[in-house]
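> Read off the chains here:
Number of protein chains: 2
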Amino acid sequence: MKRQKLNELSATVLSAMLESGDCTAVQVAQACLERVQARDADVKAWAYIDPDAVLEQARVRDREARRGPLHGIPVGVKDIMHTFDMPTEYASPIYRGNRTREDAACVAMLRDAGCVIMGKTETMEFAVYNPARTHNPHNLAHTPGGSSSGSAAATADFMVPLALGTQTGGSIIRPASYCGVVGYKPSYRLINRAGVKAVSDSLDTVGVLARTVGDAALIASALIGWKGVDLYSDSDQLRIGLCRSPAGKFAEAATLAAVEETAARLGNARCSIREVVLSGPFDRALDAQASVNLYEARRSLSFERINHPAQISKVLTARFEQGEKIRLYDYLAAQAVLSECRERLAEVFEAVDVLIEPSSTGEAPRGLENPGDSAFNRMWTALHVPCVSLPVLRGPSGLPLGLQVIGPINSDKITVQVADQIAMRLQ
Amino acid sequence: MKRQKLNELSATVLSAMLESGDCTAVQVAQACLERVQARDADVKAWAYIDPDAVLEQARVRDREARRGPLHGIPVGVKDIMHTFDMPTEYASPIYRGNRTREDAACVAMLRDAGCVIMGKTETMEFAVYNPARTHNPHNLAHTPGGSSSGSAAATADFMVPLALGTQTGGSIIRPASYCGVVGYKPSYRLINRAGVKAVSDSLDTVGVLARTVGDAALIASALIGWKGVDLYSDSDQLRIGLCRSPAGKFAEAATLAAVEETAARLGNARCSIREVVLSGPFDRALDAQASVNLYEARRSLSFERINHPAQISKVLTARFEQGEKIRLYDYLAAQAVLSECRERLAEVFEAVDVLIEPSSTGEAPRGLENPGDSAFNRMWTALHVPCVSLPVLRGPSGLPLGLQVIGPINSDKITVQVADQIAMRLQ
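Chains as they are written, first to last, in our numbering: chain D, 95 to 521; chain H, 95 to 521.
In isolation and in its complexed conformation, chain D is listed as follows (with noise of 0.2 Å):
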């Protein structure tokens, strides 16, 4: 068997060989860089990335005491997080250069946990829509999906382990889809926000990228304060709710038939499958999303749409107008609407543990342009609920495809267990 490089190995193993010693901080930053090196030019998933910086970044790690299981692992943290040494330009010609004196709460939590902070992944402008210049490592002819498109595509190419993104519509689970890997974005507010620009106040969340589960449990620990992710054991009985949720409709036939084939094998280790139909007051709940959304982006992003119209895309321009429509009533209203879909969402949990459906309405589209369709994320990002987007599927011409395990509001811990648990019973 073939030896895998550094770079190729979980953040678990990699934590495993750098507290044994086995490896080191700079051994692991160097196969990351040599990644980054051989495959950037054609991935384009970096934004920023200062080789030597890093490199004594990884130095530092291996002179000073073992911080805990993230010391020395490299982690790629979207453009629209503030880093102190490093420039945040949130994919907007607005924002050339710019600096900020301090981290995102959530860069430095990571670096006191003993990360690497590797660089700056590509995003979309303000990561609204505006598609970014990476492309899917599986095949570059297709779009990695947004907005954390840079931190999907250089953890899916293996040129770090880890990285931050964030989720506003679909952007966490829907490139997690289209790059294979895992996603997982967490229930509202559980990752603080603070020094991440923000663009939906009611939508905004920080999440991870990662090739694991354990791996995306290991780092959201640190985030979120778990002590400890004991994962479910193998016995367990799971009661999963096979979701027919309004985004359906949207979704490639090829794509259902996946989900439905998938439900029907986890019938068949332990799990009861049961169907949960959502309409009533979700059926208006994509609407709702988009309303509050615009609305609050349009506000949001004020400085910018007010004083730089000529460097904001047309894509975000035609937002804008669209925000413009929508007035205080109808964004209340929105919001209604979105509390009542809460309420009943909480009612479906009593009876399953875990909903799944697709993580995206099918495998990523060919091109740069269109950076997917994010009907399968944009609700439950509304309604606040942990996500686990797990690689696990494929579509009809053999890219990714995620499957989507959603749980109850603030219980992530468990709903990444059980996520676990699906993605081991599949394999």
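Please note that a few of the clues may not be correct.
Because identical chains cannot be distinguished in the list, a pair is counted as satisfied if it fits within a single copy or across any two copies.
[As the list claims (entries may be wrong)] Computed cross-link-like contacts, EDC-like style, restricted to lysine to aspartate or glutamate with a CA-CA straight-line distance of at most 20 Å:
| no. | residue 1 | residue 2 |
| --- | --- | --- |
| 1 | Lys321 | Asp424 |
| 2 | Lys99 | Glu128 |
| 3 | Lys321 | Glu418 |
| 4 | Lys507 | Asp424 |
| 5 | Lys321 | Glu415 |
| 6 | Lys343 | Asp467 |
| 7 | Lys343 | Asp377 |
| 8 | Lys419 | Asp206 |
| 9 | Lys507 | Glu444 |
| 10 | Lys408 | Asp424 |
| 11 | Lys99 | Glu113 |
By construction, these hints were calculated from the structure, which means they are not laboratory data. Bear in mind that the values here come from a model prediction, so they are computed numbers and not experimental data.
Use these hints to put chain H onto chain D, whose structure you have.
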């Protein structure tokens, strides 16, 4: 009758004068700057003010077409809000000379509405608890309260007609009470928070300080998007709940007596008064707010806490230590208490239009060390409901004391209208 100086007039009156050509924006700015020049060596309301830059803004306003009712109106901005043309220091030595590329969304909206940004007002370290150097303009030996210390003092002292503030505990309503001005803390998230230093994501709320309710409504309209505010008619019957909240036990006897007497007067002024006792989950609301605040603030300020401990005050360091003891489970339990209170409070507002209670436990404490007690504010902040402080009471030593008017969540316009009527009926 002595003719009032321009800096002593309300924004509403100034707006009419500016529109009719009875004064210019430069004249208004000059009058305000002269007041600052005369008084700020004593009051110390301003963290940053550049008279030449203020006059240049005013000259631009005088030259350009009128943008709306706020055109040419000077506004103070709390120094935790980003401004592209002035430093933003958060009252912390860590951020001395800090510049940001952008304006906070609320500042950008005010400039767009034609305001002249006067400067940055003093605050407490990261708007938490370490006192500002600002004095109460009614008696310099007393605190103005905080953390919107400079915004309240500058407004009270006729240096500006209006200022922006924020409230996480009691940071708008309490200084408004102590300084004898109108404070308006909107429903959570109604004024956009982008570009405002985050301390406690679930609590941080942007609001305003003014000398009249009409002025507060004027500036809030530009920030929230109300299409004008029709104030209530004098003949309307108002349903007022005299609130017996868990904060009552922290109040001075004279404060409670003043509110009782005010309620009796309102009972003779076309208001129905009924007692409203908040108990049950409300008895746990103050503790829950404290847990949420401490937990979130410690995390939001991770960069500063981890990297600059020597530049953090003792009082904030102690709060971080308290926050460290709150585990994720405690935090989520506190959030659940607040959710339950929100549901119960909505039922209370079926029987009354607004609740009234004191804005603070008493008048401003002597000295600057103690910014006062926020017991009457923290629960409402955490329940996300609109609060207006009316400067209609006096304490035993003759200092101002506010009457607090609390309305149903997202019913801000009606709450402000009712508060205005209450102020009128008490004249």
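> Compare the structure with each hint and give your call.
Going down the list of hints, with the structure as the test:
1. Lys321 - Asp424: between (42 Å within a copy, 14 Å between copies)
2. Lys99 - Glu128: For Lys99 and Glu128, the Cα distance is within 20 Å only inside one copy (11 Å; across copies 70 Å).
3. Lys321 - Glu418: between (45 Å within a copy, 14 Å between copies)
4. Lys507 - Asp424: between (35 Å within a copy, 15 Å between copies)
5. Lys321 - Glu415: between (46 Å within a copy, 18 Å between copies)
6. Lys343 - Asp467: within (12 Å within a copy, 55 Å between copies)
7. Lys343 - Asp377: This pair counts as within: shortest intra-copy Cα distance 11 Å, inter-copy 47 Å.
8. Lys419 - Asp206: Only across copies: Lys419 and Asp206 sit 18 Å apart there, 44 Å inside one copy, limit 20 Å.
9. Lys507 - Glu444: Cα proximity of Lys507 and Glu444: one copy only (17 Å, versus 38 Å across).
10. Lys408 - Asp424: So Lys408 and Asp424 fail the 20 Å test inside a copy (25 Å) and across (46 Å) alike.
11. Lys99 - Glu113: within (18 Å within a copy, 72 Å between copies)
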